[in-house]
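Here are the chains, one letter per residue:
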Amino acid sequence: KAGVTQTPRYLIKTRGQQVTLSCSPISGHRSVSWYQQTPGQGLQFLFEYFSETQRNKGNFPGRFSGRQFSNSRSEMNVSTLELGDSALYLCASSLSGQNTEAFFGQGTRLTVV
Amino acid sequence: AQSVTQLGSHVSVSEGALVLLRCNYSSSVPPYLFWYVQYPNQGLQLLLKYTSAATLVKGINGFEAEFKKSETSFHLTKPSAHMSDAAEYFCAVGFSGGYNKLIFGAGTRLAVHP
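The listed protein sequences derive, respectively, from chains U and C.
Once you know that position 84 of the first sequence is 107 in the working numbering, the rest is easy, because the numbers rise by one and skip nothing.
Once you know that position 13 of the second sequence is 949 in the working numbering, the rest is easy, because the numbers rise by one and skip nothing.
Just so you know, not all the hints are guaranteed correct.
As the list claims (entries may be wrong) - Calculated cross-link-like contacts (lysine to aspartate or glutamate; reagent style EDC-like; alpha-carbon spacing at most 16 angstroms):
| id | chain 1 | residue 1 | chain 2 | residue 2 |
| --- | --- | --- | --- | --- |
| 1 | C | Lys985 | C | Glu1002 |
| 2 | C | Lys994 | C | Glu1007 |
| 3 | C | Lys985 | U | Glu124 |
| 4 | U | Lys36 | U | Glu124 |
| 5 | C | Lys994 | U | Glu124 |
Since the hints were made in silico from the structure, they are not lab data.
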């Protein structure tokens, strides 16, 4: 069974640009969550999607957005990039329901210059 | 509000020694508790999960954790450390109504020396 796939693995962007990250969950998983990991702030929850609907959101500015497609694949977008957005972005997939095991992808390392 | 505190950002043990990584949680309702491990340049891998079925939870790679409600703790242990255990470990809490949102502790980096 394939794991969670995140693309791309590495990304370098310039301040002010926008970026889109992709996540393909484990087959059969309908919940996809996104996290930002930085040395200073640690792991912070961005949002969760289930059946194409955002059902939970963290405390991030509106520049961070996401969506989920009918096949459960998810994308997150960051507009008007800032240097502070440099981070490892992790996607996790889970079965439906609550507090089920989250399986993480390897992440996308975003560097903003 | 839910929160997780991991005592000790760095822990160093000798190979073969006991591993003890500490986690305390703050939750107004019975929590769901998890331990994850992260190797360099990798995502997180689930070690174990507490869901109230049993207070002592056994996980992968010989790790286990004990839920102590009176101490609001969920410490991770392994009787004998192996070099391959060197990694960063994260305690996380989920909560009823939070769907699959996890709140993570700051992490503990475990070093294992010969």
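Could you grab the alpha-carbon distance between Lys985(C) and Glu124(U) and see if it respects the 16 angstroms cut-off? holds (8 angstroms)
Please work out if Lys36(U) and Glu124(U) have their alpha carbons no farther apart than 16 angstroms. Not satisfied, since the Cα-Cα distance of roughly 32 angstroms exceeds 16 angstroms.
Next pair to validate is Lys985(C) with Glu1002(C); report whether the Cα-Cα distance is within 16 angstroms. holds (10 angstroms)
Given the hinted pair Lys994(C) and Glu1007(C), is their Cα-Cα distance within 16 angstroms? Distance of about 20 angstroms is beyond 16 angstroms: violated.
Given hint Glu124(U) paired with Lys994(C) - CA-CA distance at most 16 angstroms: Holds - the C-alpha atoms of Glu124(U) and Lys994(C) are around 15 angstroms apart, at most 16 angstroms.
The structure does not agree with the numbered hints 2 and 4 stated previously, though it agrees with the rest.
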